[in-house]
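Colleague: Okay, here's what each chain looks like letter by letter:
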Amino acid sequence: GESVGLHLPTLSVQEGDNSIINCAYSNSASDYFIWYKQESGKGPQFIIDIRSNMDKRQGQRVTVLLNKTVKHLSLQIAATQPGDSAVYFCAEKLTGGGNKLTFGTGTQLKVEL
Amino acid sequence: DAGITQSPRHKVTETGTPVTLRCHQTENHRYMYWYRQDPGHGLRLIHYSYGVKDTDKGEVSDGYSVSRSKTEDFLLTLESATSSQTSVYFCAISDVGSRNGYEQYFGPGTRLTVT
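Protein chains in written order, with the working numbering: chain G, 412 to 524; chain E, 466 to 580.
Errors might be hidden in some of the hints.
[Stated by the list, open to error] Beta-carbon label-pair distances, calculated as ranges:
hint : chain 1 : residue 1 : chain 2 : residue 2 : range
1    : G       : Ser-451   : E       : Lys-476   : 38 to 46 Å
2    : E       : Arg-487   : G       : Lys-479   : 23 to 31 Å
3    : E       : Asp-521   : G       : His-483   : 44 to 52 Å
4    : G       : Leu-505   : E       : Lys-518   : 19 to 27 Å
5    : G       : Met-465   : E       : Pro-483   : 17 to 25 Å
6    : G       : Ser-451   : E       : Asp-521   : 30 to 38 Å
7    : G       : Ser-485   : E       : Glu-544   : 27 to 35 Å
Don't read these hints as lab results, they were simulated from the structure. From the three backbone atoms N, C-alpha and C, an ideal C-beta is built for every residue, glycine too.
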């Protein structure tokens, strides 16, 4: 597999700092959201999800925030590590859209030592 | 990769030739998907399947067909490959969406080059 690394917005952070990756979603009828991580040469990997009836959800070192008013999703990574370097993208599911997801284009996270 | 394999992992083919990509899962998940990933685009859905012999088109289905004769295998066929189909192809699977969410799990991808 390959990651899409060209023409992506890039976020550079120092190791140990917190990272915030943003995503603007398109449809106010979306009721479910996911964040994926894609390392170079691999397929996307599920990180965390959130339903539209929630504003915040926490996982291990990650937090997803959902602002439905402005259709904005963010992924916060605490104490960023070199292994966090990857492309991150969000996906949304439309209400009544079955199991189909629509994916964003992604953000490249680079962790500097 | 959640029990998902794709074959081949790399392929170079000539314009006009037929190509079949295979996705195999060992998770017994109902849903299977084929996506393509290109620079400047997010993952785009080509076709998906919601059961054996049950398939439907995605947003970029032109030039592609699929088949699912058993739960574990989902085939993507390019009947006559074109240079615009040069891409990285990902297969994904998911279980029936419910309390457990709608997350999809991805295979390692197939890089296809059409010359």
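Colleague: For each hint, tell me whether it holds in the structure or not.
Modeller: How the hints compare with the structure:
1. Judged by the Cβ atoms, the range 38 to 46 Å given for G/Ser-451 and E/Lys-476 is violated: they are separated by roughly 20 Å.
2. Take E/Arg-487 and G/Lys-479: their Cβ atoms lie about 40 Å apart, and the range 23 to 31 Å is violated.
3. Remark: the range hint 44 to 52 Å for E/Asp-521 to G/His-483 is contradicted by a beta-carbon distance near 30 Å.
4. Taking 19 to 27 Å as the suggested C-beta distance range, the pair G/Leu-505 and E/Lys-518 conforms, at roughly 25 Å.
5. Range check, G/Met-465 to E/Pro-483: about 46 Å between beta-carbon atoms, so the 17 to 25 Å window is missed.
6. Checked against the hint of 30 to 38 Å, the pair G/Ser-451 and E/Asp-521 passes, with Cβ atoms roughly 32 Å apart.
7. Separation of G/Ser-485 from E/Glu-544 is about 42 Å and departs from the stated range, judged on CB atoms against 27 to 35 Å.
In summary, the numbered hints that this structure violates are 1, 2, 3, 5, 7.
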